[in-house]
Amino acid sequence: MGYFGLITGVGVLLTAVAFGVVQWLRTDKEDPRYAEESAVRREFFSHALQQAISSYNTTTNHYVWGRTLKPSYAVQLHPLNIVQQYTQKKEFVWIGITAGPWLVGLAVLQFNYVSIFSVQFYNAESGESWKSKSVVPLLAPFFGGKWVPNAVGNFGPNAAGHRVEFKAPFINQRAAITFTGDSVHVEVAGSVSQYMANKTTTRYQQQQELMYKVFATASLPEEFLGFVFPLGPRRAALVNKVAAAPLQAPLELQLGEQKWRGAGFLSMDYTRGLLRRETRWYWASATAPDGYGFHLSAGTYDIDKKSVENTFFVSGKALLIDTAVVFLPEVIYVTPQSDEKDHDRGNTIWNITGDGVHLRFRRVDAHDGNFHYGIVRGNLDHSWGIFDGTINVNGVSYSFENVSGVMEEHYAIW
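Residue numbers for the sequence shown follow full-length UniProt numbering, beginning at 1 and rising by one.
Just so you know, these hints were derived from the structure itself, not from any lab.
Each hint should be verified, as a subset may be incorrect.
Computed cross-link-like contacts, DMTMM-like style, restricted to lysine to aspartate or glutamate with a CA-CA straight-line distance of at most 20 Å [said to hold, decoys possible]:
{"hint": "1", "residue 1": "Lys306", "residue 2": "Glu278"}
{"hint": "2", "residue 1": "Lys29", "residue 2": "Asp302"}
{"hint": "3", "residue 1": "Lys146", "residue 2": "Glu187"}
{"hint": "4", "residue 1": "Lys70", "residue 2": "Asp322"}
{"hint": "5", "residue 1": "Lys306", "residue 2": "Asp31"}
{"hint": "6", "residue 1": "Lys89", "residue 2": "Glu278"}
Take these sequences, add in the hints, and give me the full structure.
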């Protein structure tokens with residue numbers, strides 16, 4: 001981390017120059033109203049994507065706009081120039097594993113001008129939280145997150161042999177996410193720091209660093225969400241969402257001297273694309289011990305002011321939740337400015353509501369998501385905590401009582 005920190009300034013300068021070049025060269029501009037155009041809407045809500053072999057049709061040189069609950073297509077971008085590769089393309093995958101009292105979350109992000117790996121462990125019984133975040137600036141195209149295509153050049157959860165990896169010099173975090181075509185294998189190792197709450201304030205104090213290892217394999221469910229969202233005629237977000245996918249074998253977790261093994265479920269957010277220059281969103285996900293879960297969001301992939309990614313997962317099926325979802329803070333505890341850290345909001349409570357959606361989320365801890373580098377800046381507040389409430393889907397009410405999950409409040413100009 002120290003070595004890479006020395007070159008952060010150079011990386012920021014080059015990034016600023018590159019963004020200037022993008023404005024001059026790029027032709028794949030975003031159009032904030034494009035998804036609302038009648039022809040685009042018709043294609044998006046048709047069966048075109050379900051029948052496609054790739055998200056990008058190389059014969060017509062167009063994306064296949066759409067949404068499907070049985071994605072079988074390759075998650076491919078159109079050919080990008082070097083400037084787009086380095087400044088506009090964004091790839092990230094988040095994995096959440098719930099097993100017994102444990103919520104394990106990890107994310108690999110590759111933006112090329114910077115790559116990030118984060119991991120967290122939360123024990124709902126003890127209330128303890130461990131976390132770590134590693135950042136690779138400037139050299140991210142060579143070190144950090146790597147999206148490795150399979151033998152025929154395909155990406156995506158269905159691409160057998162495709163891998164997402166993270167490793168970098170001077171950083172002890174390692175991650176490998178391997179897709180077999182019908183399953184996801186996760187292997188991560190490194191070190192995390194434990195944070196214990198100060199009982200008289202909302203501040204947290206770092207206690208100790210522990211080595212960890214995690215092994216898990218989950219079957220891809222019969223149905224999960226896939227969509228190619230139109231951000232412009234040649235600009236797309238390629239997204240896959242999974243929740244409540246059962247582990248094929250017990251989770252194997254080692255945290256310091258502690259070892260734990262047990263059944264559980266996997267959730268995933270897999271995204272590639274030329275995302276918007278400025279993005280705002282709220283997102284939440286959780287899986288209950290009874291084997292059902294959700295992804296809910298607002299503010300980014302919206303048509304008619306409703307997110308197209310609101311989905312409920314149960315018994316291998318994915319069910320669309322056709323409602324606008326509102327995220328509102330109920331209680332916010334804030335530390336003094338002099339003590340402001342990634343956990344400065346303490347145990348914020350959020351109300352997450354929509355037609356049939358009635359959830360409360362109590363924030364326990366979060367990763368530091370603030371970055372301010374001039375032309376690139378934002379706050380990606382990725383938190384974990386406890387959900388309570390219900391979601392009603394197709395006349396059935398599903399209860400969430402003391403269920404561990406995650407929520408993200410996101411703003412970025414990147």
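Each hint, compared with the structure:
Proposed proximity of Lys306 and Glu278 is supported: the alpha carbons are some 19 Å apart, at most 20 Å. At roughly 18 Å between alpha-carbon atoms, Lys29 and Asp302 fall within 20 Å of each other, so this suggested pair holds. With a C-alpha separation of about 15 Å, the suggested pairing of Lys146 with Glu187 holds against the 20 Å cut-off. Taken as a hint, the Lys70 and Asp322 pair is honoured in the structure, with Cα atoms around 18 Å apart against an allowance of 20 Å.
A distance of roughly 18 Å separates the Cα atoms of Lys306 and Asp31; the hinted pair therefore holds under the 20 Å criterion. Distance check on the hinted pair: Lys89 and Glu278 sit about 14 Å apart at the alpha-carbon level, within 20 Å; holds.
In terms of the numbered hints stated before, the structure departs from none.
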